[in-house]
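Visitor: One letter stands for each residue in the lines below.
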Amino acid sequence: MRSDAMPDPVPAFTRAATVAAKPPAKPAGKLATTPPDGVDACTAALIASHAARPGALLPLLHAIQDALGFIAPESVGAIAQALNLSRAEVHGVITYYPHFRTAVPARHTLEVCRAESCQAMGGDALADHIRQRLGCEFHGAHATRAVGLEAVYCLGLCAQSPAIAIDGIAHARMTPARIDRLLDPLLAESKDASSIVQGSGDAGHLLQASHREQEAP
Amino acid sequence: MNTPHVFPPRDAANSTMPDLRVVSAPPIRVFVPRDTAALAVGADAVAQAICDEAAARGLSIDVVRNGSRGLLWLETLVEVDRLGVRHAYGPVYPEDVGGLFDAGFLQGAAHALAHGPTEAIPYLARQQRFTFARVGITDPLSLDDYAALDGFRGLRNALMQSGEEIVAAVTESGLRGRGGAAFPTGIKWKTVLQAPSDTKYIVCNADEGDSGTFADRMLMEGDPYVLIEGMTIAGLAVGAEYGYLYVRSEYPQAIATLEAAIALARQAGYLGADILSSGRSFDLEVRKGAGSYVCGEETALLESLEGKRGVVRAKPPLPAVAGLFGRPTVINNVITFASVPIVLDRGAAFYRDAGMGRSRGTLPFQLAGNLKQGGLVECAFGVTLHDLLYEFGGGSASGRPLRAVQVGGPLGAYLPAAQWNVPMDYESLAGLGGVLGHGGLVAFDDSVDMAKMARYAMAFCAVESCGKCTPCRIGSTRGVEVVDKIVAGQQRSRQIQLLRSLCDTMVNGSLCAMGSMTPYPVLSALNHFPEDFGDAQHVQAA
Numbered sequence: 001m002r003s004d005a006m007p008d009p010v011p012a013f014t015r016a017a018t019v020a021a022k023p024p025a026k027p028a029g030k031l032a033t034t035p036p037d038g039v040d041a042c043t044a045a046l047i048a049s050h051a052a053r054p055g056a057l058l059p060l061l062h063a064i065q066d067a068l069g070f071i072a073p074e075s076v077g078a079i080a081q082a083l084n085l086s087r088a089e090v091h092g093v094i095t096y097y098p099h100f101r102t103a104v105p106a107r108h109t110l111e112v113c114r115a116e117s118c119q120a121m122g123g124d125a126l127a128d129h130i131r132q133r134l135g136c137e138f139h140g141a142h143a144t145r146a147v148g149l150e151a152v153y154c155l156g157l158c159a160q161s162p163a164i165a166i167d168g169i170a171h172a173r174m175t176p177a178r179i180d181r182l183l184d185p186l187l188a189e190s191k192d193a194s195s196i197v198q199g200s201g202d203a204g205h206l207l208q209a210s211h212r213e214q215e216a217p
Numbered sequence: 001m002n003t004p005h006v007f008p009p010r011d012a013a014n015s016t017m018p019d020l021r022v023v024s025a026p027p028i029r030v031f032v033p034r035d036t037a038a039l040a041v042g043a044d045a046v047a048q049a050i051c052d053e054a055a056a057r058g059l060s061i062d063v064v065r066n067g068s069r070g071l072l073w074l075e076t077l078v079e080v081d082r083l084g085v086r087h088a089y090g091p092v093y094p095e096d097v098g099g100l101f102d103a104g105f106l107q108g109a110a111h112a113l114a115h116g117p118t119e120a121i122p123y124l125a126r127q128q129r130f131t132f133a134r135v136g137i138t139d140p141l142s143l144d145d146y147a148a149l150d151g152f153r154g155l156r157n158a159l160m161q162s163g164e165e166i167v168a169a170v171t172e173s174g175l176r177g178r179g180g181a182a183f184p185t186g187i188k189w190k191t192v193l194q195a196p197s198d199t200k201y202i203v204c205n206a207d208e209g210d211s212g213t214f215a216d217r218m219l220m221e222g223d224p225y226v227l228i229e230g231m232t233i234a235g236l237a238v239g240a241e242y243g244y245l246y247v248r249s250e251y252p253q254a255i256a257t258l259e260a261a262i263a264l265a266r267q268a269g270y271l272g273a274d275i276l277s278s279g280r281s282f283d284l285e286v287r288k289g290a291g292s293y294v295c296g297e298e299t300a301l302l303e304s305l306e307g308k309r310g311v312v313r314a315k316p317p318l319p320a321v322a323g324l325f326g327r328p329t330v331i332n333n334v335i336t337f338a339s340v341p342i343v344l345d346r347g348a349a350f351y352r353d354a355g356m357g358r359s360r361g362t363l364p365f366q367l368a369g370n371l372k373q374g375g376l377v378e379c380a381f382g383v384t385l386h387d388l389l390y391e392f393g394g395g396s397a398s399g400r401p402l403r404a405v406q407v408g409g410p411l412g413a414y415l416p417a418a419q420w421n422v423p424m425d426y427e428s429l430a431g432l433g434g435v436l437g438h439g440g441l442v443a444f445d446d447s448v449d450m451a452k453m454a455r456y457a458m459a460f461c462a463v464e465s466c467g468k469c470t471p472c473r474i475g476s477t478r479g480v481e482v483v484d485k486i487v488a489g490q491q492r493s494r495q496i497q498l499l500r501s502l503c504d505t506m507v508n509g510s511l512c513a514m515g516s517m518t519p520y521p522v523l524s525a526l527n528h529f530p531e532d533f534g535d536a537q538h539v540q541a542a
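Chains as they are written, first to last, in our numbering: chain A, 1 to 217; chain B, 1 to 542.
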């Protein structure tokens, strides 16, 4: 029987602990070879650690995007070579899946569910409000690049529509007032560049503010 | 993207910290769910507030992070264990916590948010929970909790049986694929069992992309071991030693929970090279999707697992003959696998005795959209849609009359009120030109514009089509244009004829359900709600 490493227990309930528990972005360990031109050491290390897995391409692309925030087009050649694929095949996979990005994203990503259940609960009006608030369309970003706006087709919170996610953390029963409370601090960050902290998209603490007062339109 | 929070199971905590207070009164157990549905409305902050308040008052409590009971309009649903009976309070927000302590909720006292004993709440009491028997009751990662409520009994039985015997039990139970296609599970397994190959795979389709569905997510987050057990039994049945769980990237909490559960199960000997010292081997890993809806189609999912674009394969060969990496593969939905342990534990007849017609057992229905009491309702097949909408769902959330219900996800038909007496089983829905699918219902009130919903169905297909077959790839875009012309009144009756012809081509000419079922919501909207498409007389004349 294998005795794989257990996940570290996380002592607190807070989402702050979630962020703190985020694994180090860059894997340890040195590379045996110098990475090819345009490929940073992190990408090269991830390629090396994933190449032998069956069906390695998706897990590898996830690992690269999780570490760097996007998949640099310059790394396509190295990925293709390591996995014995053509560049076209790798490019094809990256561009096929909506989750993968090939450019630096905005500091925070706001995903707004556009599917039927959220439409049944005022999702279109909420999306209009968000577009107006951020001054951008879907797949665009606020002028300061503090928040990027993406559509998502279902977060699995359909009994509590409408739902959104900020940096992968889901929030349900949204109203324009509640979304503003979540967006305000993210947009304020850009005004004070020194306060920008990676991962501060966790806005769970805001939910400690009174909810019932917000119910009124 | 943030790494989701994985709460440590209480077993692990207890093993390192022996409880020395056994002689005094044990701490009162308070349950605060860790399901995404609860986290998304502030459950972490509620749990923290309860801990802080108890500490400030010098009270000893044990906060358990359980799965969700599925009463989702009441989330965050906090429960207090009072002499072995759990009392429910909800929806609780952090600012309510002080008042709950003041009222004496730790003693199960009355409060504006109190609902009495959880099990007696009619929404829960009227359900028949087979697959979701433990969800919401246990700490999802606690192997002790799982075993205490009949966990791994099905696996232990399976280890004493031959592959043929396991397959026979699953066949006899009448279990059909819960992902939507409803193919008999036993027959699929038998094909894989009989396929000659030294390597076979078990694949779980956890790419739950349908709007209005969340049963897979709730099960993975609330009772991951039952899924692991079901997949292991499938491996024993067909002679496969490795499995993949393909989970959509939109479900980070489910992925984290499954990965933690797999590690714990492996450590305890339920997975690995020698399962429960039987000499049999089976292991699992989680693979993450990347936002493609069509990867919920089984062959597209296999392509994606192989590291390719999630493009649909032509069938035959069936995945059961040549599936993942060209090997015989059992690919089933989360709920299908999770329904297997109870069949092996209680017997095929026990499961088969529930249900109606050729739809045996139970289905977790998911009540979503504009309903007052949205949530998960596991019932035997045969409950009527009307009962689900009104007896369970409580009618619309908005207070306006309900007008349309989409059953079975984005590819399911919109049903008007006249059809709501339909019993919910596969054949009855098919008789109405609809599908039961994965059991999701999305309700709309009378403010809905059904032409807009028809257009959305085509637009969604255009966004998500894998592009392999022409009817789906091009038909969906043409469909959006035609609906726009109908709504604008441009040659309306001719355009309606054109839309019907286009839908006919898509139904009969597409490779998979994406293209062949997109016409279901479109045509049902047109047929049942012609007034939304413009001049009703013209519509009916067409």
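Calculated from the structure, these hints are not laboratory results. Keep in mind that a hint or two might mislead.
[What the hints assert, rightly or not] Here are the simulated EDC-like pairs of lysine to aspartate or glutamate, each with C-alpha atoms no more than 20 Å apart in a straight line:
#: 1; chain 1: B; residue 1: 308; chain 2: B; residue 2: 345
#: 2; chain 1: B; residue 1: 452; chain 2: A; residue 2: 128
#: 3; chain 1: B; residue 1: 288; chain 2: B; residue 2: 198
#: 4; chain 1: B; residue 1: 452; chain 2: A; residue 2: 66
#: 5; chain 1: B; residue 1: 468; chain 2: B; residue 2: 285
#: 6; chain 1: B; residue 1: 372; chain 2: B; residue 2: 445
#: 7; chain 1: B; residue 1: 452; chain 2: B; residue 2: 387
#: 8; chain 1: B; residue 1: 190; chain 2: B; residue 2: 172
#: 9; chain 1: B; residue 1: 485; chain 2: B; residue 2: 531
#: 10; chain 1: B; residue 1: 485; chain 2: B; residue 2: 445
#: 11; chain 1: B; residue 1: 372; chain 2: B; residue 2: 306
#: 12; chain 1: B; residue 1: 468; chain 2: A; residue 2: 89
#: 13; chain 1: B; residue 1: 372; chain 2: B; residue 2: 353
#: 14; chain 1: B; residue 1: 288; chain 2: A; residue 2: 66
#: 15; chain 1: B; residue 1: 308; chain 2: A; residue 2: 128
Note that the coordinates shown come from a computational prediction; the quantities given were computed from them, not determined experimentally.
Visitor: Determine for every hint whether it applies to the structure shown.
Guide: Consistency of the hints with the structure:
{"no.": "1", "hint": "308(B) - 345(B)", "in the structure": "violated, 38 Å"}
{"no.": "2", "hint": "452(B) - 128(A)", "in the structure": "holds, 16 Å"}
{"no.": "3", "hint": "288(B) - 198(B)", "in the structure": "violated, 26 Å"}
{"no.": "4", "hint": "452(B) - 66(A)", "in the structure": "violated, 37 Å"}
{"no.": "5", "hint": "468(B) - 285(B)", "in the structure": "violated, 29 Å"}
{"no.": "6", "hint": "372(B) - 445(B)", "in the structure": "holds, 11 Å"}
{"no.": "7", "hint": "452(B) - 387(B)", "in the structure": "violated, 27 Å"}
{"no.": "8", "hint": "190(B) - 172(B)", "in the structure": "holds, 12 Å"}
{"no.": "9", "hint": "485(B) - 531(B)", "in the structure": "holds, 15 Å"}
{"no.": "10", "hint": "485(B) - 445(B)", "in the structure": "violated, 25 Å"}
{"no.": "11", "hint": "372(B) - 306(B)", "in the structure": "violated, 42 Å"}
{"no.": "12", "hint": "468(B) - 89(A)", "in the structure": "holds, 16 Å"}
{"no.": "13", "hint": "372(B) - 353(B)", "in the structure": "violated, 32 Å"}
{"no.": "14", "hint": "288(B) - 66(A)", "in the structure": "holds, 12 Å"}
{"no.": "15", "hint": "308(B) - 128(A)", "in the structure": "violated, 35 Å"}
Violated hints, listed in ascending order, are 1, 3, 4, 5, 7, 10, 11, 13, 15; each of the other numbered hints is respected by the structure.
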